[in-house]
Amino acid sequence: MPLLEVNDLTTWFHMRDGIVRAVDGVSFTLDRGETLGIVGESGSGKSVSCYSLLDLIPKPPGRIERGTAVLGGEVDLLRAPREVLRRIRGKRIAMVFQDPMTSLNPYLRISTQMIEPLLIHEGLGNREALRRAIESLEEVGIHDAVRQIDLYPHQFSGGMRQRVMIAMALITHPEILIADEPTTALDVTVQAQILELIKARQRELGTAVIYVTHDLGVIAGVCDRVNVMYAGTIMESGTVDEIFYNSAHPYTQALQQSIPSLHDKGKSLYTIPGAPPDLTEERSGCPFAPRCAYEEAHCTGPNYRGLDAFRGRHKTACLRVLEGELNLKEENR
Amino acid sequence: MFRFIFIRFLQTIPVLFIIAVLTFAMSRAAPGGPFSQERRVSPVIIERMNEYYGLADPLPVQFGNYIKNLLRGDLGPSYRHEGRTVNEIVGGSFPVSLELGMWSLLIALGLGIPVGLLAAVYRNTLLDYVPMSGAMMGICLPTFVMGPLLALVFGLWIGWFNVSGWHTPADRVLPSLTLGLYFGAYVARLTRGGMLEVLSQDYIRTARAKGVPEFMIVYKHALKGGLLPVVAFLGPALAALISGSFVVETIFQIPGLGRHFVNAAFNRDYTMVMGTVLFYATLLIVMNMIVDILQVLLNPRLKYES
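Going line by line, the protein sequences match chains H and B.
Okay, so the first sequence: first residue is 1 according to this note's numbering, each after it adds one.
Okay, so the second sequence: first residue is 334 according to this note's numbering, each after it adds one.
Pulled out of the complex, with its shape left as it was, chain B reads as follows:
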């Protein structure tokens, strides 16, 4: 397994490099720059600023310098947040997104898996139809509808929670629900699908023929295989969850990473764009690796492949 992790680690280096090249090229290809604003700024000042930040150098030189700093773990200064480095901004906002993501994940799995199981075991009954229609609605309702809806009902009408903000523990509830319900709906459907697939297998019939109680059939014989689709989904989903959702963070005014991600692109904050993209890419790669390891643990027929 350690060999597997090591090889996968080596593989990520070229992947991250290509992502860096592409992101760099694309952000520079977009018109405008970090200092272009609606208010007219004298060309002399712009020139001076470009020189100060090294933006006047030829692009390959700029890229070379960026990579050099990156290797030292330095993501560079933000061009829009004066006096702050990208490292500081990511370091400050990621924990918030991580916390939100973990709560959401807890809700997604804690709700999605039991509901999916129930629906699969009692397929084609009310216990299947009702929760699954709910899940379908959860998938169809975008977070930018669900979020304000929850804020309206529980924030304004019932008044249990603040409509927005990220100060008290109670502030975690609505945004976590918004994200968690959305992903939970996917998890429920994937669980149901995976379990139905497994429950129709010959070896489940064998277990029945052995007199295994129904509960143990689900729990011991079917669950491992039935959850494989969920595990596969979890890698990218987890990366998306903990790197922050722009929509949810905007709705609830949460100082998370997701907003920086999008704003950086709009502001042509080149280093910020590079920083957030590379950060997200690394997360995604790590999560997928964890998922690969989990899958081997769950499925004895799989071997570590590099």
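Bound conformation, chain H alone:
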């Protein structure tokens, strides 16, 4: 039984000028200790789908329209009473956010913020909680934690703050860690350190990690499986090898071609033609079709069936690949 089973998750934002279908029928599973990557462009719904799981989307205008997200086979996160969900947040599922500069409360000492999950979820006393907090700061490589813990966030560098965020998220030994672009706001030199850190802590604690990122490099480096998202839906889902070497969706391929380092110097960079679709418009069929090099009439027709099994657990939403009309490996030869 998977640790987390998300089915048909649909989150819409009811704005003044229409409904933004930010997440539109997303299904995936997460096993214990597994590392799942969710990759996609800005606005593809990767963050919103994770925030929806923990009821962190602004409501209104956001609303979870349908779907289930069952944790440990017992509780549906999308339907759990607020109080039940609050007890899960920070205890069984923790989060690390993109911008460590703004994600820590500037008005409170690091110590106050670090011990909070322990006070709330484990009922520890201040002294014991503080001891654990210092311990977990040391575990994420902050030296002299006894002294540092009494500082305020602005006295820390960006990389240090992200370490604090990670230590704070893992302090309750959660079953799932959701890392929303954990390295995007950091210096390149620090990025690798942070990824290594999460990986190491994950190994020690057996935590399952969901990486939300637009950085294919991060995905390739740390993930077991990957969901590629576009326009609020999953386009392709598979292991890292399947996604990178055996891609079964034109969008995934186009994304990989867009990585600058794969281009010869001096040649203009590859970009996917067109722009991401307007999510307020109702659509039928494949959302990527208008920008797709292999698009044909039936891609947007009634036969389009969304994400479906391609080979074993490798899934794709590309109708032409599913129907065997399109072999992306052949095409690229």
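Just to be clear, a hint being listed does not mean it is correct.
What the hints assert, rightly or not - Taking beta-carbon pairs under 8 Å as the criterion, some of the chain H residues facing chain B (in silico): (1) 86; (2) 89; (3) 90; (4) 91; (5) 102; (6) 107; (7) 116; (8) 117; (9) 121; (10) 143; (11) 144; (12) 152; (13) 154.
What the hints assert, rightly or not - Straight-line alpha carbon distances no greater than 35 Å define the calculated DSBU-like cross-link-like pairs of lysine-lysine that follow: (14) B/553 - B/636; (15) H/199 - H/59; (16) H/91 - B/553; (17) B/557 - H/91; (18) B/401 - H/59.
What the hints assert, rightly or not - A few chain H positions that, by computed beta-carbon distances, are all more than 12 Å from chain B: (19) 7; (20) 33; (21) 55; (22) 159; (23) 191; (24) 200; (25) 221; (26) 224; (27) 270; (28) 280; (29) 299; (30) 309; (31) 320; (32) 324; (33) 325.
To be clear, the hints were calculated from the coordinates, so they are not data collected in a lab.
We treat Cβ as the ideally placed atom computed from N, Cα and C, and that holds for glycine.
Please build the complex by placing chain B on the supplied structure of chain H, with the hints as guidance.
Chain B alone, transformed into the frame defined by chain H:
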């Protein structure tokens, strides 16, 4: 912090001096003098009076003498209140204004902050719209409308309080309400604005993700930052409150400082004008300094700057 206070103290000296020069020059530039009245007074008498009070000297000499006395803490004699010094008048009426101001402040904060908090937490619901419309009305209704209205309803119709006067404890209620509601309306709006700003910050989302109960998010994570605009507003507001409101003191016949302030200007009571202006300026400077200190205490990112 003591260094900060000391430096700020030194800075106030030139500020007060400039205010003194300007006030002196402006009050003298206004036509008429303390002894010009509707009834014709013989020029000889006026001359004698001017000489007695030193008003016949050249202006720089007069100013020099005034400053000399000021340094000794002597604000001079009032030109209109016979036999009384400005020190006596300010000393006698300031406690009244201070008391009124403190009651008003209590009402303003005690009402404004909870209402603002409620509105921010339940934004875009009835709990937001209704109190905030009330606050908007409170801001738009001038005290000279609110005061008589309260006096009419609670004084004349219901008869709970005296319409005016400053004798019994109950006399404090209506004037304090008039001033307090007015400032409370501002405080409510500032609190709501500050809290909304803070509640939309990333670190509030972090707190939610940690499973912090909603009450603690507001109280522990958001309040400090959310109240910063209120604290900034409080400095000048407090100085205005405790130095007395001319309007409210006139409506309710309260023997406070605010009335002296305005009357002195009309009467060309030069020393009284100087005295009240300098007193108010000092209050304002002190209040702003307290606010600066409070802000540093609330916001660890700020440092004492001089």
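Hints violated by the structure (listed by number, smallest first): Of the numbered hints, 10, 11, 18, 21 do not hold.
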